[in-house]
Amino acid sequence: MKKQIAELTPAQEGAESGLLKSVPPNVVQSIRAFRAQDLQAEAQRLDQHFLYAFCGDATTKTQVLATIARSFHFPRQFCRNFDALADCLTDLPYKAGPQPGFLIVLEQLPNTPKFDKEARETLLDVFRDAADFWAAKKIAFRVFYSSH
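Under numbering that gives the first Met the number 0, think of the first position of the sequence shown as 0, with each following residue one higher.
Careful, some of the hints might be misleading.
[Said to hold, decoys possible] Taking lysine-lysine pairs in the DSS-like style, the calculated list, with each CA pair at most 30 angstroms apart, reads:
hint, residue 1, residue 2
1, 94, 137
2, 136, 113
3, 20, 60
4, 113, 60
5, 137, 20
[What the hints assert, rightly or not] Restraint ranges, calculated between C-beta atoms of paired labels, are given here:
hint, residue 1, residue 2, range
6, 113, 20, 32 to 42 angstroms
7, 43, 95, 27 to 37 angstroms
8, 31, 74, 25 to 35 angstroms
9, 147, 96, 33 to 43 angstroms
10, 76, 128, 13 to 23 angstroms
11, 91, 35, 18 to 28 angstroms
Hints in this document: simulated from the structure, not taken from any laboratory. Every residue, glycine too, gets a C-beta built ideally from N, C-alpha and C.
Based on the provided sequences and hints, a complete structural model is requested.
Structure below.
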């Protein structure tokens, strides 16, 4: 009896050899050595949604959420708190139909009295929960962030 070897699809094969080969498909992590431009090109190569938010001008939770909503083209009224953001990251795209995957960059998350380490961790937890949501549906959801 001859054993059959599973073949990778061209998209899977390309994903294995690309920039993200060492990055799990559902993760929230520091951007480290990656550059936003390279991640955008990789998202395009993988035919995934690329979402980018520069938060360097924000100093409060409200401003961070508004920046993310504006940058991601989310309805602003639905991103006024962390629960609403969670819905925007999961329910809206899920109801829109099949999704190819997501590659998200959050640059320069603030570290201010009105958006401190605890607020940043809560924000990142929202993205981690969304990553878990999409992992259950076998859809890549990678988030890279930096702080200033």
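Hint-by-hint comparison with the structure:
1. Between the alpha carbons of residue 94 and residue 137 the distance comes to roughly 16 angstroms, so the proposed pair stays at or under 30 angstroms and holds.
2. Restraint check for residue 136 and residue 113: the C-alpha separation of about 35 angstroms exceeds 30 angstroms, so the hint is violated.
3. Between the alpha carbons of residue 20 and residue 60 the distance comes to roughly 33 angstroms, so the proposed pair goes past 30 angstroms and is violated.
4. For the given pair, residue 113 sits about 7 angstroms from residue 60 by alpha-carbon distance, which is consistent with the 30 angstroms threshold.
5. Of the supplied pair hints, the one linking residue 137 and residue 20 holds, its CA atoms being roughly 17 angstroms apart against a limit of 30 angstroms.
6. At roughly 39 angstroms, the beta carbons of residue 113 and residue 20 sit within the given window of 32 to 42 angstroms.
7. The supplied range of 27 to 37 angstroms is broken by residue 43 and residue 95, whose beta-carbon atoms lie about 20 angstroms from each other.
8. Here the CB-CB span from residue 31 to residue 74 is close to 32 angstroms, well matched to the stated 25 to 35 angstroms.
9. In this structure the supplied range 33 to 43 angstroms holds for residue 147 paired with residue 96, their Cβ-Cβ distance being about 36 angstroms.
10. Restraint check, residue 76 to residue 128: a C-beta distance of roughly 21 angstroms satisfies the suggested window 13 to 23 angstroms.
11. Between residue 91 and residue 35, the C-beta spacing of about 23 angstroms keeps the proposed range 18 to 28 angstroms intact.
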